[in-house]
Amino acid sequence: MSRYLLLLLLNLPFILAAIISQFTQYKLGRSTKRRLQVQMALWILILAGLATAEPLYNWLFASGFTQTESLSLFDVVQITAIVIVFYIANRSRQKVDVLEHRINDLHQEISIKLSQDNKFK
Amino acid sequence: MKKATSPKICIVIPAFNEETTVGGVVKSIYQALQKSKYISEVVVVDDGSKDNTARKAKQSGAVVISHILNSGSGGATATGLSYAQQNGFDIAATMDADGQHAPEDVIKGIEELIRRKDDLLIGSRLINNKGMSKVKILGNKGLSFITYMLFGINSTDSQSGLRIFSRTALEKLRWKTSGYEFCSEMLWRAKQLDLHIGEYPIQAIYTEYSKSKGQNNWNAVNIIKSLLKRRISELFG
Numbered sequence: 001m002s003r004y005l006l007l008l009l010l011n012l013p014f015i016l017a018a019i020i021s022q023f024t025q026y027k028l029g030r031s032t033k034r035r036l037q038v039q040m041a042l043w044i045l046i047l048a049g050l051a052t053a054e055p056l057y058n059w060l061f062a063s064g065f066t067q068t069e070s071l072s073l074f075d076v077v078q079i080t081a082i083v084i085v086f087y088i089a090n091r092s093r094q095k096v097d098v099l100e101h102r103i104n105d106l107h108q109e110i111s112i113k114l115s116q117d118n119k120f121k
Numbered sequence: 122m123k124k125a126t127s128p129k130i131c132i133v134i135p136a137f138n139e140e141t142t143v144g145g146v147v148k149s150i151y152q153a154l155q156k157s158k159y160i161s162e163v164v165v166v167d168d169g170s171k172d173n174t175a176r177k178a179k180q181s182g183a184v185v186i187s188h189i190l191n192s193g194s195g196g197a198t199a200t201g202l203s204y205a206q207q208n209g210f211d212i213a214a215t216m217d218a219d220g221q222h223a224p225e226d227v228i229k230g231i232e233e234l235i236r237r238k239d240d241l242l243i244g245s246r247l248i249n250n251k252g253m254s255k256v257k258i259l260g261n262k263g264l265s266f267i268t269y270m271l272f273g274i275n276s277t278d279s280q281s282g283l284r285i286f287s288r289t290a291l292e293k294l295r296w297k298t299s300g301y302e303f304c305s306e307m308l309w310r311a312k313q314l315d316l317h318i319g320e321y322p323i324q325a326i327y328t329e330y331s332k333s334k335g336q337n338n339w340n341a342v343n344i345i346k347s348l349l350k351r352r353i354s355e356l357f358g
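Chains as they are written, first to last, in the numbering used here: chain L, 1 to 121; chain X, 122 to 358.
Errors might be hidden in some of the hints.
Derived BS3-like pairs (lysine-lysine); straight-line CA-CA distance at most 30 angstroms [claimed, not checked]: (1) X:156 <-> X:262; (2) X:312 <-> L:27; (3) X:251 <-> X:297; (4) X:346 <-> X:262; (5) L:95 <-> X:346; (6) L:33 <-> X:350; (7) X:171 <-> X:312; (8) X:129 <-> L:113; (9) X:156 <-> X:171; (10) X:312 <-> L:95; (11) L:95 <-> X:148.
The calculated label-pair distances, taken between Cβ atoms and stated as ranges, are [stated by the list, open to error]: (12) X:322 <-> L:29: 33 to 43 angstroms; (13) L:27 <-> X:209: 50 to 60 angstroms; (14) X:145 <-> L:103: 51 to 61 angstroms; (15) X:176 <-> L:32: 11 to 21 angstroms.
If you're looking for bench data, these hints aren't it; they were derived computationally from the structure. A virtual CB, placed ideally from N, CA and C, is assigned to each residue, including glycine.
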């Protein structure tokens with residue numbers, strides 16, 4: 001199997017998961033349209049970069065813009081690891097953001113409730 | 122005699138370690154409100170102070186909401202405005218606890234908000250900056266410029282603590298930052314919600330105490346960093 005195809009197949013599940021997750025968040029009203037657009041553009045750009053890696057490399061090599069070796073197995077593993085780390089970091093940041101917001105709301109509500117309880121004592 | 126149709130006004134004072142001034146600020150705003158036609162309540166949000174801020178505020182007649190943890194000026198303001206919204210107030214005003222704002226300016230702001238039908242009215246110290254040090258003018262103008270560059274909002278004093286909110290603003294306006302940077306973020310959110318934002322001139326009263334308590338210009342670096350982070354993080358979801 002071509003290493004470029006392997007690279008695409010290994011990364012495709014994460015890219016698809018990210019796209020589906022962003023779309024679901026938007027449909028559930030947890031994300032804005034602007035956020036959805038930026039996230040979609042980002043992941044589609046990554047997908048397009050991976051899908052066109054081979055023809056792009058061939059063109060660069062043929063045109064004399066690069067003399068580097070073709071994709072090695074180590075490169076495939078390394079690029080896949082970068083995409084996975086990016087996927088995890090992106091999701092974690094979103095979750096932290098939601099949690100931070102919830103904690104702030106909780107703190108606010110507890111403070112108001114306690115002050116109202118004290119008022120009527 | 123207060124008319125039954127008078128709007129209900131809530132004055133929100135976020136306070137952190139302000140035992141020296143908070144009592145005086147509460148009393149002076151109550152005096153000014155008594156002369157006006159409004160039904161009002163003063164709420165002090167004690168943001169986890171280590172001193173007697175809450176006790177002094179309560180003794181002066183304010184409703185006190187005590188934060189269990191110190192969450193910053195933005196968090197305390199959000200709590201106070203949430204209280205105003207939950208308790209059916211028509212208009213809310215925020216002012217500093219260090220005595221920097223004149224109670225007359227708060228009343229003037231409320232009247233201006235009603236007259237202009239704005240949703241958010243900012244008391245600008247820089248329209249008439251008499252009494253303000255050059256360093257403070259520079260710092261505030263710098264932050265207003267950054268607010269304009271990041272969010273496209275043209276305000277002469279984006280960091281002012283004296284703000285008046287309509288009922289619509291109370292119901293809709295929310296922000297995510299909890300430090301001083303909330304001042305700029307609030308304007309950004311108001312713009313996103315298409316709320317009417319206005320400004321009116323106020324006179325800042327600088328005493329030795331308020332000068333020592335006020336924001337350090339170096340804090341502007343932290344505010345800019347936070348605003349940039351918020352702007353970029355919003356972009357990437």
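request  = Find the hints from earlier in the document that the structure breaks and name them by number, from lowest to highest.
outcome  = 1, 3, 7, 9, 11, 13, 14, 15
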